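*Asks:* Residues per chain are reported as follows:
There are 2 protein chains.
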Amino acid sequence: MHALKVTRAEDFPEWYQAVVREADLAELSPTRGSMIIKPWGYGIWERIQSELDRRIKETGHENYYFPLLIPLSFIAKEADHVEGFAKEMAVVTHHRLKAIDGVLKPDPEAELAEPFIIRPTSETIIGDAFSRWIKSYRDLPLKLNQWANVMRWEMRTRMFLRTAEFLWQEGHTAHVDEADAMDETMLALEIYRSFAEDFLAIPVVAGEKPENERFPGAVRTYSIEAMMQDGKALQAGTSHYLGTHFAEAQNIRYQDKDGAQTLAHTTSWGVSTRLIGGVIMTHGDDDGLRTPPAVAPRQIVIVPMLRGKPEDADLKAYCAALAKELGALTVFGSGLRAFVDVKDAKPADKRWDWVRRGAPLICEIGPRDAANGQVTFIKRNALREGEKIKSHTLARADFVAQARQLLEAMQAELFAEAKTRLEANIRADFETFADLERHYGTEDKEGEFKGWVRVCWSRPTGAALEEVGERLKALKLTIRNAPLAQPAAFGKCVFTGAPAVEEILIARAY
Amino acid sequence: MHALKVTRAEDFPEWYQAVVREADLAELSPTRGSMIIKPWGYGIWERIQSELDRRIKETGHENYYFPLLIPLSFIAKEADHVEGFAKEMAVVTHHRLKAIDGVLKPDPEAELAEPFIIRPTSETIIGDAFSRWIKSYRDLPLKLNQWANVMRWEMRTRMFLRTAEFLWQEGHTAHVDEADAMDETMLALEIYRSFAEDFLAIPVVAGEKPENERFPGAVRTYSIEAMMQDGKALQAGTSHYLGTHFAEAQNIRYQDKDGAQTLAHTTSWGVSTRLIGGVIMTHGDDDGLRTPPAVAPRQIVIVPMLRGKPEDADLKAYCAALAKELGALTVFGSGLRAFVDVKDAKPADKRWDWVRRGAPLICEIGPRDAANGQVTFIKRNALREGEKIKSHTLARADFVAQARQLLEAMQAELFAEAKTRLEANIRADFETFADLERHYGTEDKEGEFKGWVRVCWSRPTGAALEEVGERLKALKLTIRNAPLAQPAAFGKCVFTGAPAVEEILIARAY
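So the protein sequences, as listed, match chains A and B. My numbering applies: residue 1 is where the first sequence begins, and numbers increase by one. My numbering applies: residue 1 is where the second sequence begins, and numbers increase by one.
Isolated chain A, as found in the complex (with noise of 0.2 Å):
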């Protein structure tokens, strides 16, 4: 028995939107597409927010806002990122309601004269600001990013994975040559690979995407790739060098050293909510949520076992203590979360509620536990021990002495695990697309597990890169990049035999 009702091995996306819905992280809302963040979903954001934050300060970037709308001529202005996004916009066509024949309605007389666009990513009008601030060499680089809401009108979405609106950070430099211009979109790649797997505990692999997966606009597009309970692929940042195309439909010109108007080459590169769903898909167990201690709103949570009787105000005493004490303390560079739940509720429903989230350290502490002066505990990341819960307890000083090292320990594991699922299922010795056909081909049931191939081929490009794409699609595959660290000699080309030049994954994708 356990917390969810579905299984990861039952239904892979069931389960998924158990944990969603089970974690209390997040739910559907009256706006098709767009979710409602509740705040342990929030709450993990907020320290996503704050930790990459810091780190893209850290590194040079300020922050910045710009408008929500954008004038639907800025969205025309480069080709290929009109082509990639003008299919699912949110329109503003009018700036007020009127009562029609008693209903309410977009006022004709309201109407715009040109229409916004509401962002669905900001390259177009932080392009224009650019053009007006870059004067000179010396005003580059210039890095920026924002955090800010995003909409994009998906038909077929998925919390947190794939929502109308999303919330995000979005990044945005510019930079005299392109050399500058690929230090920047590398360094913002390391950037997310590092917290990704130092602060989410998930393993990526960075790399380059093919040309048929760039983002519309961008002349190399980076991305890291999580690999998921099920074995698909979670795109889970990218980054992208954008060359000069935005410049020249924006005119982002500076005056070089020699006094030339040359143009600037600029990036863009964004993480999002959906590594909330990440975050799921990787830690999750069948009892909902295991939320890696660094990113967890609480990271000690302490049920008192209240009875409704005269000994519960020792009780509660007793562990408003333990949690002042262990608030003092610091764990992943900031003060350590400690909650008492002092809520009117079952003791075992409380306890099972933070087992769903994933309260990293779940102490239940009765009055024997008081009287002892000591905490009895369970690891979220070992709950179980064959199916019972394995609990634990240590002398009060020594739980508050330990609680770092058991967040630290937890939060390595945690990693730990997920590497090891990474790195025992991508196969290597796939030679032939047959061979791909046959491991991807011949699905028993709908979500069995997979895993990844990483194959050696010959980077074509245009039509023939086109076809390539067509005969993955027919296995439900993508190629996911190009991994930065390569073999030095490759075989051939799993699609055509010729000599290959790079090793790339495959894989299905979220």
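Be a bit skeptical, because a hint or two may be false.
Same chains, same label: a pair holds when it works inside one copy or across any pair of copies.
In silico DSSO-like cross-links for lysine-lysine, where the CA-CA straight-line distance does not exceed 30 Å [said to hold, decoys possible]:
#	residue 1	residue 2
1	K143	K419
2	K143	K309
3	K473	K346
4	K57	K350
5	K98	K87
6	K232	K5
7	K473	K492
8	K390	K5
9	K135	K343
10	K343	K476
11	K77	K98
Please keep in mind that the hints were generated in silico from the structure rather than gathered at the bench. Please read all numbers here as calculations on a predicted model, not as lab measurements.
Given the coordinates of chain A, assemble chain B onto it according to the supplied hints.
*Replies:* Using the frame of chain A, we list chain B on its own:
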């Protein structure tokens, strides 16, 4: 000579725009009515967010995130609410663009069956969630908060003070009865009062708005009002007791202890980026902004007097070590924010940049300072002695030892200065409307300092209040609020001569 080209006395509105521009706080964007918030302005907002968020959480509220887009039918449910907001909303009518005759337009085939509006405030969509979440008295109080962007289609905009899009925090709570909801309404008001005074150094008067100035749909609206340096009032935050209006419109009912289905009582309260406008008009001077130290993105800025010579390296090292030492200190509950400005620009230009932005302490360190182990600095709130810039010198160890105290003293001095201005400029000696007309009706020039008046009134309602509003409007005045602190007895109503029941503040306002 001052750092700005226009002084407060010459032209206050022009001076305001000059500060926004010269302190690099924000600029107009190509999206009509929306601004681009730049790092110094956004940094102030980040400080506001982080400190206010702490206070909001400390008082038992949790953060959520609700959708940006609200279905049109939701906004129509509360009659007063729609009346108040329908005239100024951005309406989303399409979800796709299409090239029609080569021009990108909203795709006629992608017209939404029900339009969405961009949230001008979120009572309706949050109320809908309340109606689903609240079942029993055990679910109450439900106290939540959201940090979000909102949009109101303003025709006349002024940066930070009134923009189409702005950033804010909106609290929304539900309670078992009026008493509990009113406690919450007053708690939020007190959070705003203490935050404005302690953290932004803006003295305010907290009080209740008259009936005709209430939030659309509210039973009672409270505000904090601040006096700007031109004598006008700025409403800096509001807290609303919504009674059961939204609960009725959205069916927010709970089962009470006796099993009966009962309407919940709700509240809402918010502050926005408008607060930054308040900081500017409270603390700015003719040299730019004076940023209160608690909220300054950089509290101590160190400008090394570099000369492009080999000695520069030593000077930079001296400054970096000083910044590191300062950064280890704690002030206003956070780490001290020290910064070395090594930008490639003339030291004098850098000094004036920081003066205009209002960095609290600006250190100018030359080779002699480094050699003597001392720090030469200016205090932004006491910049000049006569016309001359006044600089101070302290031994480095003394400067570090006194840094916290220097910043705390400056915070207190800025508050005291504004408090003196507020108290000295509320006249309380007017007994008739003729007094008001004499004072406000004879302007020599636009923008002359008139301050506020505190008068008695009989609190008329309905048509009688409308008439009072019209009479005041002719003098460009509005009732700001009825301060919480009221005398024991009242004179006669300044409008009608009838026995008064309350004192109110009257002023010109933003």
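*Asks:* Checked against the structure, which of the hints given earlier come out wrong?
*Replies:* 1, 3 and 10
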